[in-house]
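*Asks:* The whole structure should be built from the sequences, with the hints applied where relevant.
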Amino acid sequence: MEMQKLYLLVPMAPLVGAMIAGLFCRVIPRWVAHTATIAGVAIAFVVSVLIFMDVQAGHTFNGTVYTWLTSGDYRFEVGFLIDTLTTTMMLVVTFVSLMVHIYTIGYMQEDPGYNRFFSYISLFTFSMLMLVMSNNFMQLFFGWEAVGLVSYLLIGFWYTRPTAIFANMKAFLVNRVGDFGFILGIGLVLTHFGTLDYATVFAKAPELADTTINLFAGRDWATVSLMTVTCICLFIGAMGKSAQVPLHVWLPDSMEGPTPISALIHAATMVTAGIFMVSRMSPLFELSTAALSFVIVIGAITALFMGFLGIIQNDIKRVVAYSTLSQLGYMTVALGASAYSVAIFHLMTHAFFKALLFLAAGSVIIGMHHDQDIRNMGGLRKYMPITWITSLIGSLALIGTPFLSGFYSKDSIIEAVALSHIPGAGFAYFCVLAGVFVTAFYSFRMYFLVFHGEERFGKADDAHHHEHEGDHDDEEVAHDHHHGLAPGQKPHETPWVVWLPLVLLAIPSVAIGFIAIGPMVFGDYFKGVIFIDHAAHPAMQHLAEHFHGASAMGVHALTTLPFFLALAGVVLSWFFYMKRPDIPAAIQRRFSAIHTLFENKYYFDKFNEAIFAGGARLLGKSLWRGGDVAVIDGLMVNGSAKLVGWISSVTRLFQTGYVYHYAFTMIIGIFVLMTLWINRA
Amino acid sequence: MFDNFVVPNLLPAAPEMFLAVMALAILMIDLTVKDSRRTVTFALTQLTLIGCAAIQFATSTGEITYTFSNMFVDDLMADLLKLFLYMTVLMVLFYSRGYIIDREPMNKGEYYVLALFATLGMMVMISANHFVTIYIGLELLSLSLYAMVAMNRDSVVSSEAAMKYFVLGALASGLLLYGMSMIYGATGTLEITAIAERLYSGGVNKTVLVFGLVFLVGGLAFKLGVVPFHMWIPDVYHGAPTSVTLFISTAPKLAAFAIVMRLLVNGLITMAADWQSMLIILSVLSMAIGNLAAIAQTNLKRMLAYSAISHMGFMLLGIVTGVVGGDARYALNAYSSAMFYVIAYVLMSAGTFGMMLLMARAGFEAEEINDYKGLNKRSPWFAGIMLMLMFSMAGVPFFIGFFAKFSVLQAVVAAGYMWLAIVAVLFSLIGAFYYLRLVKVMYFDQPEDESPLTAPMDVRILISANGLAVALLGIFPQVIMSLCAYALLRSL
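Residue numbers (our numbering), protein chains in the order written: chain A, 1 to 681; chain B, 1 to 492.
In short, the hints are calculated from the structure, not lab data.
Even glycine gets a Cβ: it sits at the ideal position worked out from N, Cα and C.
Among the hints, a few may not be true.
[Said to hold, decoys possible] What follows is a list of derived Cβ distance ranges for each label pair:
#, chain 1, residue 1, chain 2, residue 2, range
1, A, Ser622, B, Gly325, 44 to 54 Å
2, B, Leu426, A, Asp633, 13 to 23 Å
3, B, Phe433, A, Asn214, 38 to 48 Å
4, A, Val650, B, Met28, 50 to 60 Å
5, A, Asn214, B, Arg460, 57 to 67 Å
6, B, Phe433, A, His192, 33 to 43 Å
7, B, Gly51, A, Thr60, 47 to 57 Å
8, A, Val637, B, Ile50, 45 to 55 Å
[Said to hold, decoys possible] In silico BS3-like links for lysine-lysine, alpha-carbon gap of 27 Å or less:
#, chain 1, residue 1, chain 2, residue 2
9, A, Lys642, B, Lys373
10, A, Lys642, B, Lys440
11, A, Lys579, A, Lys382
*Replies:* Set out below in C-alpha cells:
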C-alpha cells in the first residue's frame with residue numbers, strides 16, 4: 001500500500017512542477033519556475049531510486065490505479081507495472097531529466113521563454129514516466145502521444161523562426177505515420193485479445209500464435225499471421241518515435257529546438273521509447289520471426305546509412321543527431337536479434353553518453369555565442385577545459401573504447417547479431433561492423449575540428465555569414481540565436497550549472513557498462529520481464545556462454561575486429577582533419593556524386609516533399625474542389641442547413657404565446673397517447 | 001385516547017424538518033433586517049442548506065428506510081439526489097444575489113424563503129413513496145415557483161409568464177391527479193411499493209391501468225418539459241427574471257427525475273413495456289423540436305429553454321432502455337446513465353445561466369445572443385468558461401456533457417435500439433450548431449461594449465469552479481458515474 005503511493009508520486013511530482021511553472025508562467029519569477037520543476041524531478045529521481053531498491057528486493061507490482069472508462073466489455077484503466085525494465089527506464093529518465101533541468105538554468109538564461117521551457121520539460125518527464133510505468137496499451141498510447149506533443153512544442157519552442165515551425169510540423173506529420181501503424185497494432189490487440197492489459201495479452205499470446213487473419217476479406221493470398229501483422233504495426237509506431245528509416249527524417253530537423261531538449265528528448269529518452277516498447281512486447285515479437293527480420297533489417301539500414309551522413313555535417317548538433325540515429329539503429333538491430341536486454345542496456349549507456357555529448361555541444365554553442373558551425377571552431381581545448389575533457393569521454397564511450405560503457409553495450413550487440421540466425425542477420429552484421437568504423441570517424445572528425453587544431457573563430461566574415469546545412473530556402477532568416485563571436489573575442493568556459501551536469505553524466509558514461517553488463521545482460525535481472533524463445537532464437541543463449549565477466553570481455557576486445565575498426569576510424573579522422581586537411585576536399589571533388597547524395601540525405605526529404613506532401617496537397621485540393629465545395633458544402637451542408645432552418649422557422653410558429661394553444665397541445669398529446677394505447681390494451 | 005398512536009421514526013425526514021423550521025424562522029428574522037443587501041437573510045439561507053447537507057450525511061444509513069406509514073422513503077438514491085439538490089440551490093442563490101439586489105421588487109427576504117420552500121417541496125418529491133406525498137411535494141414546489149416567476153411584478157413579461165405557468169401547471173397537476181386516481185381505482189392503494197406488489201401478483205384491470213398511465217406520463221412529461229407538454233418552457237424561461245430561470249432550469253430537473261423513478265420504475269415497472277414506448281415517442285419528439293426550434297432563437301434564454309427540452313428528451317433515453325423484453329439486466333446501467341445525465345445537465349445549466357447573471361447589470365439583462373459579441377476581448381477568462389460550458393452542452397469530448405451523452409447512448413445500444421441511438425446522435429449534431437454559434441459570436445465578432453466584466457470575487461470563483469468542474473469531471477467521469485450506479489444499486 002505504501003509503495004503504491006510512492007509509484008504515484010513519481011509521475012505526479014514533475015506534473016505538479018510543470019503546472020506551477022506553466023499555469024503561472026507570466027506571474028512567477030524565474031527562480032520559482034526552476035526551483036519548483038527541479039524539486040519535482042528530484043523527488044521523482046529519489047523515489048525512483050527507492051523503488052529500484054524495492055524491486056531489487058523482489059517486490060514487483062502490477063495493478064490498476066484508476067478506471068477511466070468502461071465501454072461494454074472493455075475497460076480503459078490507468079495502471080502501473082513496476083518491474084526491473086520499468087525501474088531501469090525510470091532511473092534513466094529521471095536522472096537525465098534532472099541533469100537537463102539543472103543545465104537549462106545556464107543554457108536558457110537569456111531566453112524570454114524561461115518559465116515556459118521549464119514547464120515543458122517537466123511535462124515531458126511526466127509523460128515519459130507515464131509511458132514507461134504503464135501496465136496497459138491505452139496508457140502506453142497516452143504517454144506515447146503526450147511525449148510526441150511535448151516534443152512538438154519544444155522543437156517549435158522558438159516559434160518565431162520559420163525553420164523551427166517547419167521542423168516541428170515535419171516531426172508532427174512523420175510521427176502521425178508511425179502512430180497510425182501503432183494504433184492499428186493496438187486495435188488488433190484489442191480485437192483479438194479482448195483486453196489492453198499487458199499481463200493478460202502476454203498470457204494469451206501463445207494461444208494465438210498460429211492464428212491467421214485476412215487482410216482483404218475472401219482473398220486467400222492475403223492471409224497472414226496475426227502476430228506478424230500486429231508486431232509490424234506496433235513496430236511502425238516504434239519506427240516513427242525512434243526515427244528508423246524511412247521515418248527518420250524528422251530527427252535531424254528537430255535540432256531546431258534548444259539544445260537541452262535535444263539531449264533529453266531527441267537523444268536520451270523519447271526517441272528510445274520505441275526500443276522500450278518493443279522490449280516490453282517481447283512476448284509478442286518472439287512469436288513472429290518474420291517481424292523480427294523486418295526489425296533487424298530496418299535497424300541495420302538505419303545504423304549504417306545514417307552514420308555516413310554524420311560525416312559530412314558541419315553543424316555541431318546535426319553531427320550528434322545523425323550519430324543518435326545510427327545508435328538507435330544499433331538498438332533496433334539488437335531487438336531484431338532477440339537480444340532485448342542488450343538493446344535496453346545500450347539504450348541506457350547511450351542515454352548517458354549521448355546526453356553528455358549533446359550537453360557538451362550545447363556548452364560549446366554557449367562558448368561560441370550561438371555559432372554552431374564546426375568550421376568556425378578549432379582549438380577550444382584550452383578555453384573550455386571541462387567541456388573538452390567531458391566531450392572526449394563521451395566520444396570515447398560512443399565509439400566503443402574498451403572498458404567504457406558504450407563498448408560493453410555495442411560489442412554485445414555485434415556479438416548477438418553475429419550469433420543470430422534469423423533472415424537478415426548477415427546483412428545486419430555487416431552493417432553494424434562497418435558502422436563501428438563510421439562512428440569512430442565522424443565522432444573524432446567533430447572532436448578534432450572543435451577542440452584541436454587552428455583557431456578559426458572570431459574572423460569577421462565567418463561570424464556573421466553562417467551557412468547552415470538546411471534543406472529549405474528560408475534558412476538564412478536573421479535570428480538572435482545565430483550570432484557567433486565578434487572578431488578578436490575568445491570563447492570562455494561556461495558557468496557551473498552548465499558544466500556540473502556534464503561531469504555528473506561523464507561518470508556513468510565511463511562506469512555503468514562495466515558495472516551493469518553482468519547482471520543486466522547475462523544475469524537474472526530481466527527474468528520474467530523479457531521473454532525469449534530460446535529454441536527459435538538462440539543468439540542470447542550462445543552469447544552468454546562466451547561471457548566470462550566484464551574485465552575479461554574488455555581485455556579480449558583488444559584483439560577483435562571492432563576495436564581495430566574503431567581505432568582505424570580515429571586515426572583516419574586525425575590524419576584527414578589534423579594532418580592533411582586537403583585530402584577530404586580532394587575526395588569530395590573526386591566523388592562529388594556520392595557527396596551530393598549524402599548532402600541531400602539520400603533524397604528522402606525531396607522524395608517525401610514531392611510524393612507525399614505534393615500528393616497529399618493534390619488529393620486535398622481535388623477533394624476540396626469536388627467533394628467539399630460541390631457535394632458537402634453545396635448539397636449537404638448548405639442544403640441540410642436550409643432544410644433545418646426552414647423546419648426551425650416553422651416549429652417556431654407553434655409557439656404562439658396563447659395559453660389555450662398550449663393547453664390544446666397538451667390535450668392533443670394525451671389524446672394521441674390514449675388512442676394508441678387503449679387500442680393495444 | 002392516544003393508544004393507537006405510534007410516534008413515527010422521524011430520523012429519515014430530519015433534513016426536511018430542519019429546512020421547514022428554518023424557512024419559517026428566516027421569514028420572521030427577515031422582518032427585523034434593515035440592511036438593503038439582506039446579508040443576514042442570505043447567510044442564514046445558505047447556512048440552512050449546508051445544515052441540511054450535514055444532517056443528510058449524519059442520518060444517512062445507506063439502507064432503504066420507510067417511515068410515516070410508508071409514505072416517505074429514505075434511500076441512497078434520495079440521499080445522493082438531495083445532496084446534489086442542496087449544492088445546486090446553494091450555487092443558484094450565490095449566482096442570483098447580485099442580480100436581485102439590483103432589482104428592487106425582487107430584493108425581498110421572501111425570495112430566499114420561497115427558494116427554501118421550493119427546495120423542501122423537491123426534497124419531499126425525491127423521498128415520496130405515496131401518491132399523496134408526491135402531490136404535496138409537487139404543489140409546494142410549483143406554488144413557490146409561480147410566486148418566484150411573478151416576483152418582478154412591475155414587469156409585464158414576468159407576470160404573463162407566471163400566469164401561463166400557473167394555468168398550465170394546474171392543468172398538469174390535474175392530469176397527474178387523474179392518472180393517480182385511475183391507478184388507485186385499479187389497484188386499491190396509493191402507496192407506491194404496494195402498487196408494485198399488486199401489479200406483480202396480477203389480476204388488475206389493464207384498461208383502467210393504461211388509462212391512468214397515460215395521464216400519469218402526461219403529468220410527468222409536463223414537469224420534465226418534454227414535447228408535447230413543453231409549451232410552457234420557452235415562455236416561462238424567457239419571461240421569468242433570469243435568476244428564477246436559473247432556479248427553474250436546474251434543481252427541479254433533479255426532483256422530476258426522482259418522481260419518474262419513483263412512479264414509473266418503483267411503482268409501475270411491470271408496465272415498463274407500455275410507458276417505455278410512450279416515453280420513446282416523447283423523447284424523439286423532444287430532441288427533434290427542442291434542437292430544431294433552438295436554432296431559430298435570437299434570445300439566449302429561449303434558446304436554452306429549447307435546449308433544455310432536447311436535453312430532457314435525451315435523458316429519457318436512459319429511462320426507456322431499462323427493461324428490454326422483460327429482461328432487466330441492463331436496468332442499473334440505463335437508470336444510472338440517466339441520473340448521471342441529469343446531474344451533468346444541472347451542472348452545465350447552472351454555469352450557463354450563472355454566466356448570464358454575471359453579465360447582467362441593473363437595467364441590462366444580457367439575454368440576447370448579440371450581447372455576447374466579442375466576449376473574448378472583454379474578458380478572455382469568462383469567455384473560456386462559457387466556451388467550456390457550450391462545448392459540454394454540445395457533447396464535445398472530453399467534457400462532462402460528452403460522457404453524459406455517451407453513457408446514455410451506451411445504454412440505448414445495449415438495449416438494442418440502434419435506430420434510436422442514431423436519431424439521438426443526429427439531433428445532437430444539429431444541436432451542436434446553436435451552441436457553437438454562441439462560441440463563434442464570443443470569439444469572432446466585434447464587441448459593441450468594450451468595458452471589461454466586473455463581478456464580486458465569490459461569484460468569480462464559483463463560476464470558474466463550475467466551468468472547470470465541467471471540464472475536470474469530463475476527464476474523471478467515473479467519480480460521479482460510479483456514485484450514481486452505487487446509489488441506484490442500493491436503492492432499487
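*Asks:* The structure should be examined with respect to each hint, and the outcome stated for every one.
*Replies:* Going down the list of hints, with the structure as the test:
1. A:Ser622 x B:Gly325: 44 to 54 Å: For A:Ser622 and B:Gly325 the Cβ distance comes to about 50 Å; the hint holds.
2. B:Leu426 x A:Asp633: 13 to 23 Å: 19 Å, holds
3. B:Phe433 x A:Asn214: 38 to 48 Å: 42 Å, holds
4. A:Val650 x B:Met28: 50 to 60 Å: Roughly 53 Å apart at Cβ, these two residues keep to the hinted range, so it holds.
5. A:Asn214 x B:Arg460: 57 to 67 Å: Taking Cβ atoms as reference, A:Asn214 and B:Arg460 lie about 60 Å apart, which means the hint holds.
6. B:Phe433 x A:His192: 33 to 43 Å: Between B:Phe433 and A:His192, where Cβ atoms are some 40 Å apart, the hint holds.
7. B:Gly51 x A:Thr60: 47 to 57 Å: For B:Gly51 and A:Thr60 the Cβ distance comes to about 50 Å; the hint holds.
8. A:Val637 x B:Ile50: 45 to 55 Å: 50 Å Cβ-Cβ, so the 45 to 55 Å window holds.
9. A:Lys642 x B:Lys373: It holds: about 24 Å lies between the C-alpha atoms, which stays within 27 Å.
10. A:Lys642 x B:Lys440: 19 Å, holds
11. A:Lys579 x A:Lys382: 20 Å, holds
Comparing the model with each earlier hint shows no violations; every hint is respected.
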